[in-house]
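Q: Sequence:
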Amino acid sequence: MSVNIKDVAKKSGVSTATVSHVINGTRFVSDVTKQKVQKAMVALNYHPNLIARSLRCKKSKTIGLIVPTVNEGAPDFFYMSVAQGIQHYIKKQGYHLIFSNYNNECDEEEQIQVFNTKCIDGLILAPTNDLREKVRNHTLFGDYPIVYVDRKMRNQPGDTILIDNQEGVFEAIQHMIHKGHTRIGFISAERGENTSDEHFQGYLKALSKYGISIDSNLIKSGPSNFETGVQLTRELLESQKVTALFIANNTLTMGAIHYLQHKNIDIPNDLAVIGYDDYEWTKVTTPFLSVIKQPAFEVGEKAAEILLSKINKQNSDYHDYRLKPYFISRESC
-7 MSVNIKDVAK
3 KSGVSTATVS
13 HVINGTRFVS
23 DVTKQKVQKA
33 MVALNYHPNL
43 IARSLRCKKS
53 KTIGLIVPTV
63 NEGAPDFFYM
73 SVAQGIQHYI
83 KKQGYHLIFS
93 NYNNECDEEE
103 QIQVFNTKCI
113 DGLILAPTND
123 LREKVRNHTL
133 FGDYPIVYVD
143 RKMRNQPGDT
153 ILIDNQEGVF
163 EAIQHMIHKG
173 HTRIGFISAE
183 RGENTSDEHF
193 QGYLKALSKY
203 GISIDSNLIK
213 SGPSNFETGV
223 QLTRELLESQ
233 KVTALFIANN
243 TLTMGAIHYL
253 QHKNIDIPND
263 LAVIGYDDYE
273 WTKVTTPFLS
283 VIKQPAFEVG
293 EKAAEILLSK
303 INKQNSDYHD
313 YRLKPYFISR
323 ESC
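Residue numbers (the numbering used here): -7 to 325.
Because the hints were derived from the structure by calculation, they are not lab data. There may be inaccurate statements among the hints.
[Stated by the list, open to error] Derived pair list, reagent style EDC-like, types lysine to aspartate or glutamate, alpha-carbon separation capped at 20 Å:
| id | residue 1 | residue 2 |
| --- | --- | --- |
| 1 | Lys305 | Asp135 |
| 2 | Lys171 | Glu159 |
| 3 | Lys110 | Asp99 |
| 4 | Lys2 | Asp23 |
| 5 | Lys197 | Asp156 |
| 6 | Lys51 | Glu297 |
| 7 | Lys171 | Glu323 |
| 8 | Lys302 | Asp156 |
| 9 | Lys144 | Glu185 |
| 10 | Lys144 | Asp189 |
| 11 | Lys197 | Glu185 |
Input sequences plus hints: build the corresponding full structure.
A: Encoded structure:
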């Protein structure tokens, strides 16, 4: 039996008119009430009549963007740069951007459901691993084109804009090896996402090329946050002799650098360090931090370009696009 607007109203404890206002944005509704309605829609797997809405809306000239958050709901620097690239491209084409973020699978599905009610013309999404597995079983998205960024969808068609993470890390580790380092510590986000898996493969590839044995004691991974960066760096340096350290994540890098500076470790004389990604704070560390820079802004521009081509029906094929990161040599290695 299909779910209708009356079911949503009953479950959320509001009138059908209120549900309609939340869906269509036709009148002010408090945030508390909106959340009740949106949670009821998700729980009931309710999809508004998107065909009827599209007839009313026609083209909205609006693009949706959904990306993950990091600590305490703070958006990730990488995705903020991606959003800037998207905004820069679509503004010139007369489009607007609606931005949302999530910190777990349920939040992600809820945000997609909300965007399904907003008459967006297309969606750019960095999906969770759980969502990539689940989408094969039911239709979650509305009738609009989707472009994925940073993470591949396994069972849903769509274009994907990726960073060549393996080659980026390979270049960093190779640089350390050329500097004479063989005891190279490696810290990354938890594996399972294609990004962190590719970081690890780049590390292994460089060691293999130069005949350096893989020591699992030099490899650490954990949740992508500042505190984990501190903890993993402490654990590694207190238990192992390493002469170089690569951190394959910007947020973990901040934690690692904080620990190293707190312990007054002489960089690069006692420990050479390379981080992943380049933001303003990497230029004010002592010494300045060598990094692998991701073309995040360009990822956003490319995602917007491909999405608008789909919206305008200029192409129908799906492709993966990989943009190359590059090494910035400063004083830390």
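Q: Does the structure keep lysine 144 and aspartate 189 at a Cα separation of 20 Å or less?
A: Holds, because 12 Å separates the two Cα atoms, which is no more than 20 Å.
Q: Is lysine 171 close enough to glutamate 159, meaning Cα to Cα at most 20 Å?
A: holds (18 Å)
Q: Given the hinted pair lysine 2 and aspartate 23, is their alpha-carbon gap at most 20 Å?
A: Answer holds: lysine 2 to aspartate 23 is near 18 Å, not above 20 Å.
Q: Check whether the Cα positions of lysine 302 and aspartate 156 lie no farther apart than 20 Å.
A: The hint is violated at about 24 Å.
Q: Do the alpha carbons of lysine 197 and aspartate 156 lie within 20 Å of each other, as the hint requires?
A: holds (14 Å)
Q: Compare the distance between the alpha carbons of lysine 171 and glutamate 323 with 20 Å, and conclude whether the hinted pair is satisfied.
A: holds (13 Å)
Q: Does aspartate 135 lie within 20 Å of lysine 305 when you go C-alpha to C-alpha?
A: holds (14 Å)
Q: Sort out whether aspartate 99 lies within 20 Å of lysine 110, counting only the CA atoms.
A: This hinted pair holds, its Cα atoms lying about 17 Å apart.
Q: Do the alpha carbons of lysine 197 and glutamate 185 lie within 20 Å of each other, as the hint requires?
A: holds (18 Å)
Q: Check the hint pairing lysine 144 with glutamate 185 against an upper bound of 20 Å on the C-alpha distance.
A: holds (9 Å)
Q: Verify the proposed pairing of lysine 51 with glutamate 297, using a straight-line Cα cut of 20 Å.
A: The hint holds at about 17 Å.
Checked against the numbered hints listed earlier, the structure breaks hint 8 alone; every other hint is satisfied.
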